[in-house]
Structure formats: C-alpha cells, structure tokens
Amino acid sequence: MENTKELTEHSSQVERKRRDSFGMFDGYDSCSEDTSSSSSSDESEEEVAPLPSSLPIIKNNGQVYTYPDGKSGMATCEMCGMVGVRDAFYSKTKRFCSVSCSRSYSSNSKKASILARLQVAGKPPTKKAKVLQKQPLVAKLAAYAQYQATLQNQAKTKAAVPVEGFSWGNYINSNSFTAAPVTCFKHAPMGTCWGDIAEGVRVEVPNTDCSLPTKVFWIAGIVKLAGYNALLRYEGFENDSSLDFWCNVCGSDIHPVGWCATSGKPLVPPRTIQHKYTNWKAFLVKRLTGAKTLPPDFSQKVSESMQYPFKTSMRVEVVDKTHLCRTRVAVVESVIGGRLRLVYEESEDKTDDFWCHMYSPLIHHIGWSRSIGHRFKRSDITKKQDGHFDAPPHLFMKVKEVDAAGEWFKEGMKLEAIDPLNLSAICVATIRKVLADGYLMIGIDGSEAADGSDWFCYHATSPSIFPVGFCEINMIELTPPRGYAKLPFKWFDYLRETDSIAAPVKLFNKEVPNHGFHVGMKLEAVDLMEPRLVCVATVTRIIHRLLRIHFDGWEDEYDQWVDCESPDLYPVGWCQLTGYQLQPPAPQSSRDSQSSSSKQKKKAKSQQYKRT
1 MENTKELTEH SSQVERKRRD SFGMFDGYDS CSEDTSSSSS SDESEEEVAP LPSSLPIIKN
61 NGQVYTYPDG KSGMATCEMC GMVGVRDAFY SKTKRFCSVS CSRSYSSNSK KASILARLQV
121 AGKPPTKKAK VLQKQPLVAK LAAYAQYQAT LQNQAKTKAA VPVEGFSWGN YINSNSFTAA
181 PVTCFKHAPM GTCWGDIAEG VRVEVPNTDC SLPTKVFWIA GIVKLAGYNA LLRYEGFEND
241 SSLDFWCNVC GSDIHPVGWC ATSGKPLVPP RTIQHKYTNW KAFLVKRLTG AKTLPPDFSQ
301 KVSESMQYPF KTSMRVEVVD KTHLCRTRVA VVESVIGGRL RLVYEESEDK TDDFWCHMYS
361 PLIHHIGWSR SIGHRFKRSD ITKKQDGHFD APPHLFMKVK EVDAAGEWFK EGMKLEAIDP
421 LNLSAICVAT IRKVLADGYL MIGIDGSEAA DGSDWFCYHA TSPSIFPVGF CEINMIELTP
481 PRGYAKLPFK WFDYLRETDS IAAPVKLFNK EVPNHGFHVG MKLEAVDLME PRLVCVATVT
541 RIIHRLLRIH FDGWEDEYDQ WVDCESPDLY PVGWCQLTGY QLQPPAPQSS RDSQSSSSKQ
601 KKKAKSQQYK RT
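Going letter by letter, the sequence shown gives residues 1 to 612 in full-length UniProt numbering.
Simulated from the structure, these hints should not be mistaken for laboratory data.
Glycine included, each C-beta is placed from N, C-alpha and C at the ideal position.
Honestly, I wouldn't trust all of these hints.
[Stated by the list, open to error] So the derived label-pair ranges between C-beta atoms look like this:
(1) Thr214 - Gly520: 37 to 47 Å
(2) Val223 - Arg271: 13 to 23 Å
(3) Met397 - Thr178: 26 to 36 Å
(4) Arg271 - Asp556: 45 to 55 Å
Please take these sequences and the hints and turn them into a complete structure.
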C-alpha cells in the first residue's frame with residue numbers, strides 16, 4: 001500500500017510538471033527528481049488535464065529549457081524581439097541580441113518587461129520575476145493586480161465584430177489583393193508603433209487542430225499581412241496551406257513567442273502533423289533561432305493606442321450639415337475607435353447627429369468660430385445641460401501656423417477645390433472671405449447660394465484646395481462652373497471673362513509626405529457623404545498626396561478624393577478591432593440596379609449635407 005501511495009504521489013508530481021518552460025507538454029522521463037524540481041516551490045502547481053494516449057509526448061532529452069528569459073536554452077531579445085540561442089546573446093543577463101539593442105532599451109520597455117514577467121498562470125509573481133524581488137510583496141501583488149485589470153480591459157476593447165457574409169481574408173485571397181500597411185495610417189491604433197511586424201514574424205496562437213478539452217497553443221508564422229489582419233500558418237506545415245487562417249494581429253488571442261512559458265500555457269503541435277517529428281523541442285529551437293516575434297509589450301501598446309481623449313458629454317463646435325457656411329454646438333454621444341457620434345445640442349430626440357473622427361478638420365473647441373470670424377448658429381439652449389462640459393482646446397487637431405502679413409489670399413481670387421457636396425469632383429472655386437488664423441471661406445463657382453450658405457471653410461494649408469492649373473497638369477478632369485457654355489474650359493479665358501486673378505501658387509501647401517500608398521491597395525474608408533458608414537474600398541489613383549478612393553461594388557461616380565493623411569481612412573481590420581460596423585462591397589443585385597437608380601442613390605447619399 002505504501003509503495004502504491006508513493007507511486008501515485010510521484011505520478012501526480014510528474015503530471016504537474018508536464019509543462020516545461022518552453023510551454024510544451026513534457027514527460028521529463030530522463031530528468032532526475034532532484035534536477036527537475038530544484039525550483040518546484042516557485043513553479044505553478046496548476047493541474048494539467050491528462051493527455052490522450054494518442055498524443056505524442058515531447059521529450060527534452062534531459063535538457064531543461066528556460067524560455068525565453070531563463071538561464072539556458074533559447075532567449076528573446078527584449079528590444080527587437082529576435083529569437084536566438086541564449087549563449088549567443090549579449091551581456092551576462094542574455095536579455096539582448098546585440099550591443100545596440102542593449103543601449104536602445106528604454107525605461108518604458110523595462111516597465112513593460114516587468115509586467116510581462118508577472119503574468120504567470122494567473123498567480124502572484126514567483127522568483128522568476130527577479131527584477132521585482134527587491135520590492136515588498138504587497139507592491140508586487142498590487143502591480144500584478146493592476147496588470148490583470150489591464151488585460152481584462154484589453155479583452156473588452158479587442159472583441160471581434162464579424163461582418164455578416166463578408167470576410168476580408170477570403171476577399172483578399174480569392175482576388176490576390178494587397179492591403180495598405182498599418183504604417184500608412186498614423187491616426188489609427190498602432191499606426192506610429194507598428195514596428196517590424198511583417199511576413200515571417202512568429203507568434204503564439206490557439207491550436208484549433210486539437211481534440212484536447214483545454215485550450216492549448218502552438219507557434220505560427222505570418223504568411224501574409226493585410227492591414228491588421230495576418231494569414232498565419234502553424235509551424236511544421238511547411239508549404240501546406242490547408243490549415244492557414246486569418247486573424248487580427250492586435251486581437252487578444254495572438255501573443256509573442258514565450259508568452260506560453262511565462263503564462264503557464266501548454267504548447268501542443270497540431271494533430272495533423274503530430275507524426276512528423278519525434279523531437280518537437282529540437283524542431284522549435286531550429287525554426288525559431290534568428291526569427292522575430294512581437295515585442296513583449298505589444299498588447300500593452302495596442303491597449304494604449306486605443307485610448308481616446310474625447311469623452312461622452314463633451315461639447316464641441318462642428319459644421320452645420322444643413323448650412324455648410326456655419327458651425328453649431330454638438331455633444332459627443334459616443335466614441336468608437338476615435339470616431340465621434342455628435343448630436344446637435346438642440347436635438348431633443350438625439351436623432352440629428354453627425355459622424356466624424358476626433359482629428360477631423362470639421363470639429364473645433366467651443367469659441368473657435370468667434371475667434372476666427374466664422375459664422376455660428378447660436379443654440380436656443382441658454383445654458384449647458386447637466387453633465388455636459390466643453391472639450392479642452394488641446395484635444396483638437398492643430399493646423400500649421402501661417403504668415404498672412406505679406407502676400408496672402410484675397411477675396412475674389414480663383415483656385416481649384418474639392419467640392420464638399422460632390423467629393424468625386426475638383427471644381428472651379430473662389431475665395432469668398434478671408435478669416436483669421438489662415439482660414440478661408442470657399443465657394444464653388446456656378447453652384448453658390450445667393451446668401452452664401454453653402455460656402456465651405458478650408459484652411460490655407462488644406463490639401464483639398466489647389467492652385468489654378470493643378471487638374472490640367474495632373475490630367476484630372478476639372479469640373480467647370482455650372483452652366484458655363486464655353487467648353488472645353490480654359491482658365492486663361494475664364495479669368496479674363498470674370499476679371500479675376502488666380503491665387504498665387506506659392507501660397508498653397510506643397511508638402512507631399514512619404515505616405516506608402518499604392519494604386520490597388522485595399523483599405524476601409526468613410527463614405528464622407530454618409531459619414532456614419534465605413535466601407536470596403538480601394539485606392540485607384542494617386543496624385544502627389546491626393547488619393548482617389550473607390551468603394552468596392554459601386555460605380556465610379558461615388559468615388560471620393562481624399563488626402564493621404566485623412567483620419568477617415570483606416571487599415572483593413574480596423575472595424576473588427578474597434579467594434580465599428582463595416583459595410584461590405586455592394587452585392588451583384590445592387591450593382592445591376594445602379595444605372596437605373598443612380599440619381600436617387602446620389603440624392604440619398606447627399607442628405608448628410610445640403611446646399612440651399
């Protein structure tokens with residue numbers, strides 16, 4: 001009986017140690033109890049579900065790997081994320097792959113590394129978190145509790161929102177499309193800190209090709225990137241794409257290599273390829289040496305980049321969609337991915353709303369209109385409603401300072417401008433009024449209301465206004481004034497006939513950033529005629545910094561000219577990441593009926609703005 005009891009206890013101990021520091025199941029058959037249990041008092045004692053007899057046990061041949069930051073085996077550079085043999089790493093601590101990475105290691109990365117070391121199977125930090133050993137236990141537990149709360153918030157913000165009947169992955173695969181990289185969108189989450197995430201980067205993801213009752217993981221490599229979305233292939237499948245799958249890189253189920261080890265999660269090879277290798281440990285060491293993975297603080301950066309300063313109940317000034325020449329007070333009703341649903345303050349049933357991004361040039365702080373001499377519709381509400389408060393001025397996008405003291409724009413000067421009521425057209429336009437701080441009121445020739453109620457405010461540095469001749473030089477069709485009979489339109493003749501002068505070329509914004517867009521790239525774009533809608537779209541033309549955006553499935557007449565830095569453009573996968581509803585390409589039935597209903601459709605799409 002005593003022998004039986006000893007065998008049972010020993011079997012239980014072995015079962016609890018089936019996970020080695022690689023995160024993989026291991027029998028530890030060739031390790032003595034002394035060598036394998038030297039740190040057992042500090043290891044997680046979480047019970048592991050028994051493995052089916054059909055699942056191959058992965059041997060470590062007597063070697064104990066502490067991965068990624070232990071004393072032997074493999075290691076991950078805490079600066080650049082490169083995986084390699086630990087003995088080849090720099091410094092005594094073996095935390096960096098090179099001298100440059102060691103020197104570049106910032107204090108913020110150190111904090112993130114500390115937090116990563118605390119995530120051990122949902123329990124307080126162990127002696128593995130050596131950087132924290134000098135702190136009191138209470139401080140360590142408090143830090144761990146704060147980290148767990150951060151993880152819960154991340155899980156809430158990163159809930160996937162699938163679009164019924166549409167899959168970006170299938171759409172891109174079936175048509176061999178290319179998506180604009182995340183780095184093209186500086187205003188989007190991770191747009192400025194995407195780093196070196198590219199094809200070949202390795203991550204740890206749930207293993208869906210497994211019959212175990214518990215959630216297990218395996219390592220996969222990025223085969224293709226499409227915005228936030230990545231096509232992944234499990235390690236060991238080589239050229240076999242049968243189990244490739246798409247997922248959002250910023251989602252809650254993707255982790256850097258080494259996460260399973262620090263979290264006490266098991267790494268189990270997919271069932272389809274279990275027979276291919278007898279020593280999966282050696283296979284992973286070989287495959288991961290020199291490979292890159294996500295930074296250890298990637299999840300934290302995603303969470304931080306999805307924190308938005310605008311809050312509900314904030315008051316702002318925004319363009320009046322019924323009279324473009326003026327602004328009104330509106331209140332932030334909701335914030336989704338940095339996009340604001342604004343309800344005009346006088347709307348009692350909260351249905352009179354307007355959608356825009358928090359960096360849109362259409363919104364301003366309270367008092368902006370008065371400060372520059374812009375028209376403003378006073379609210380019938382004499383005082384703020386309870387709970388409403390003015391958004392701080394520093395939250396709004398800043399425009400470049402201009403020097404209007406010398407040669408400057410003047411009333412009556414001619415130029416070319418994107419028509420805010422027909423964004424597919426660049427039109428002949430006139431400066432109707434010069435405001436303060438570089439702002440201009442622009443009117444579209446031949447379409448203006450007698451009272452100027454459809455004048456539109458552009459800043460002098462706006463990428464939506466152009467000097468005379470811009471369209472001709474860049475082979476863009478210029479829309480002449482409505483009713484102008486002398487065609488083809490010639491600027492020289494028109495200026496003489498109207499006794500006008502062209503605005504000096506040197507006053508326009510000539511900066512062209514290295515935006516990274518190419519013709520044919522896919523993205524998610526706001527339909528600015530119905531700005532509550534974000535649609536599947538394609539870049540069809542690029543003129544310097546100007547992009548021609550086509551909405552997939554719709555006729556070209558709905559295309560829109562948009563600046564390359566517009567906050568209304570997003571990477572593929574943005575809607576899924578933020579929880580916004582994506583509008584899929586128009587179905588065939590809609591395309592067939594476009595020719596017979598284009599006028600009605602265009603009228604409906606113009607309801608967001610009105611020209612009176």
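message: Flag every earlier hint the structure violates by its number, smallest first.
response: none
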